[in-house]
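Engineer: Sequence:
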Amino acid sequence: MTSSPDVKKNLAFIEQALVNVSAEVKGQVVVLPECFACFGGREHANTAIAEKQWQSNAGAQPINSELSETPVQDALSKLAIKFGIYLVAGTFPIQDETSDKVKPMCLVYSPQGYLISTYQKIHLFDVDVGDNTGSYRESDTWQAGNQVSYFETPWGRIGLAICYDVRFPALFQQLTKLGCKAIVLPSAFTQKTGSAHWQILVQARAIENQVYMIACNQTGTHKNQRQTFGHSLVVDPWGEILSDAKTELGIFGAEMNLDKLQQVRRAMPLQQHNQFSVELISKDQD
Numbered sequence: 002m003t004s005s006p007d008v009k010k011n012l013a014f015i016e017q018a019l020v021n022v023s024a025e026v027k028g029q030v031v032v033l034p035e036c037f038a039c040f041g042g043r044e045h046a047n048t049a050i051a052e053k054q055w056q057s058n059a060g061a062q063p064i065n066s067e068l069s070e071t072p073v074q075d076a077l078s079k080l081a082i083k084f085g086i087y088l089v090a091g092t093f094p095i096q097d098e099t100s101d102k103v104k105p106m107c108l109v110y111s112p113q114g115y116l117i118s119t120y121q122k123i124h125l126f127d128v129d130v131g132d133n134t135g136s137y138r139e140s141d142t143w144q145a146g147n148q149v150s151y152f153e154t155p156w157g158r159i160g161l162a163i164c165y166d167v168r169f170p171a172l173f174q175q176l177t178k179l180g181c182k183a184i185v186l187p188s189a190f191t192q193k194t195g196s197a198h199w200q201i202l203v204q205a206r207a208i209e210n211q212v213y214m215i216a217c218n219q220t221g222t223h224k225n226q227r228q229t230f231g232h233s234l235v236v237d238p239w240g241e242i243l244s245d246a247k248t249e250l251g252i253f254g255a256e257m258n259l260d261k262l263q264q265v266r267r268a269m270p271l272q273q274h275n276q277f278s279v280e281l282i283s284k285d286q287d
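If you count the sequence shown from 1, you need to add 1 to reach the numbering used here.
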């Protein structure tokens with residue numbers, strides 16, 4: 002998707018995209034990109050729409066309730082229920098009670114509308130890209146997390162990472178060590194860095210960890226003229242690209258073949274052969 006600063010329009014686009022493939026997505030995992038609800042506006046736009054975080058296992062709330070303090074989270078829960086999906090909601094700004102910054106949080110909802118997992122982006126994008134935006138300083142408004150996280154599905158455990166995290170292999174090694182068979186990567190990769198590194202990085206994380214990578218990226222030119230690369234990818238444990246959305250809008254996907262995953266891991270047991278230990282940061286699960 003090409004998100005704008007208009008939250009309602011972005012949510013409406015997501016719902017219509019799900020309507021278009023409702024029969025195919027029921028019971029499946031659907032991933033939204035980073036900053037799906039608000040993107041391409043002023044730097045502090047995400048701070049303005051930040052909400053208090055639902056408690057884990059919170060049930061769905063009325064979308065249109067004027068009294069609700071969490072309208073976007075309510076809407077996401079309703080979408081998960083309506084389409085019967087595991088909804089991985091890219092990143093959404095959650096209020097931080099200890100500072101004036103917000104938490105860039107990936108929110109995961111079950112088909113019953115419950116919040117079943119969260120992940121706060123660990124690695125913030127503070128870089129000089131040299132594109133038409135120039136410099137990016139996420140730490141000016143975002144608070145970094147320090148915990149790894151995952152969620153459970155009928156197909157196995159799925160890990161959570163966000164955008165710039167993909168450049169830090171240890172996070173993905175940790176998630177693999179925790180038993181993840183797939184890792185999702187909601188992103189807003191820039192056109193410049195994406196054209197140079199996106200596919201290589203996503204394939205590398207899939208190959209070296211022998212997991213499925215589900216990488217959902219923003220695409221196109223946004224209202225503030227920021228350009229994102231697109232090319233949302235599904236990559237299998239052997240590094241084969243199963244789906245490439247290129248610069249198209251909509252929902253694209255592929256099937257996980259768990260037999261192939263086990264075959265790859267048996268034939269080349271990387272985790273057994275690895276001579277380096279990975280120290281876990283933390284585990285954001287009960």
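You may find that some hints are simply not true.
Calculated pairs, BS3-like style, for lysine-lysine (alpha carbon to alpha carbon, straight line, at most 30 angstroms) [what the hints assert, rightly or not]:
{"id": "1", "residue 1": "Lys224", "residue 2": "Lys10"}
{"id": "2", "residue 1": "Lys53", "residue 2": "Lys9"}
{"id": "3", "residue 1": "Lys193", "residue 2": "Lys261"}
{"id": "4", "residue 1": "Lys247", "residue 2": "Lys9"}
{"id": "5", "residue 1": "Lys261", "residue 2": "Lys10"}
{"id": "6", "residue 1": "Lys10", "residue 2": "Lys53"}
{"id": "7", "residue 1": "Lys224", "residue 2": "Lys193"}
{"id": "8", "residue 1": "Lys193", "residue 2": "Lys83"}
{"id": "9", "residue 1": "Lys27", "residue 2": "Lys10"}
{"id": "10", "residue 1": "Lys53", "residue 2": "Lys83"}
{"id": "11", "residue 1": "Lys224", "residue 2": "Lys261"}
{"id": "12", "residue 1": "Lys53", "residue 2": "Lys224"}
{"id": "13", "residue 1": "Lys261", "residue 2": "Lys247"}
{"id": "14", "residue 1": "Lys27", "residue 2": "Lys53"}
{"id": "15", "residue 1": "Lys9", "residue 2": "Lys178"}
{"id": "16", "residue 1": "Lys9", "residue 2": "Lys193"}
{"id": "17", "residue 1": "Lys27", "residue 2": "Lys102"}
{"id": "18", "residue 1": "Lys102", "residue 2": "Lys53"}
{"id": "19", "residue 1": "Lys10", "residue 2": "Lys83"}
{"id": "20", "residue 1": "Lys193", "residue 2": "Lys53"}
{"id": "21", "residue 1": "Lys193", "residue 2": "Lys27"}
{"id": "22", "residue 1": "Lys79", "residue 2": "Lys10"}
{"id": "23", "residue 1": "Lys83", "residue 2": "Lys27"}
{"id": "24", "residue 1": "Lys79", "residue 2": "Lys53"}
{"id": "25", "residue 1": "Lys79", "residue 2": "Lys193"}
I should point out that these hints are in silico values taken from the structure, not numbers from a laboratory.
Engineer: Take the hints in turn and mark each one as holding or not.
Structural biologist: Right, here's what the structure says about each hint:
| no. | hint | in the structure |
| --- | --- | --- |
| 1 | Lys224 to Lys10 | holds, 13 angstroms |
| 2 | Lys53 to Lys9 | holds, 18 angstroms |
| 3 | Lys193 to Lys261 | violated, 34 angstroms |
| 4 | Lys247 to Lys9 | holds, 25 angstroms |
| 5 | Lys261 to Lys10 | violated, 39 angstroms |
| 6 | Lys10 to Lys53 | holds, 21 angstroms |
| 7 | Lys224 to Lys193 | holds, 18 angstroms |
| 8 | Lys193 to Lys83 | violated, 37 angstroms |
| 9 | Lys27 to Lys10 | holds, 23 angstroms |
| 10 | Lys53 to Lys83 | holds, 23 angstroms |
| 11 | Lys224 to Lys261 | violated, 42 angstroms |
| 12 | Lys53 to Lys224 | holds, 27 angstroms |
| 13 | Lys261 to Lys247 | holds, 25 angstroms |
| 14 | Lys27 to Lys53 | holds, 29 angstroms |
| 15 | Lys9 to Lys178 | violated, 39 angstroms |
| 16 | Lys9 to Lys193 | holds, 29 angstroms |
| 17 | Lys27 to Lys102 | violated, 36 angstroms |
| 18 | Lys102 to Lys53 | holds, 13 angstroms |
| 19 | Lys10 to Lys83 | holds, 18 angstroms |
| 20 | Lys193 to Lys53 | violated, 34 angstroms |
| 21 | Lys193 to Lys27 | violated, 35 angstroms |
| 22 | Lys79 to Lys10 | holds, 16 angstroms |
| 23 | Lys83 to Lys27 | holds, 9 angstroms |
| 24 | Lys79 to Lys53 | holds, 17 angstroms |
| 25 | Lys79 to Lys193 | violated, 36 angstroms |
Comparing the model with each numbered hint stated earlier shows that hints 3, 5, 8, 11, 15, 17, 20, 21 and 25 do not hold.
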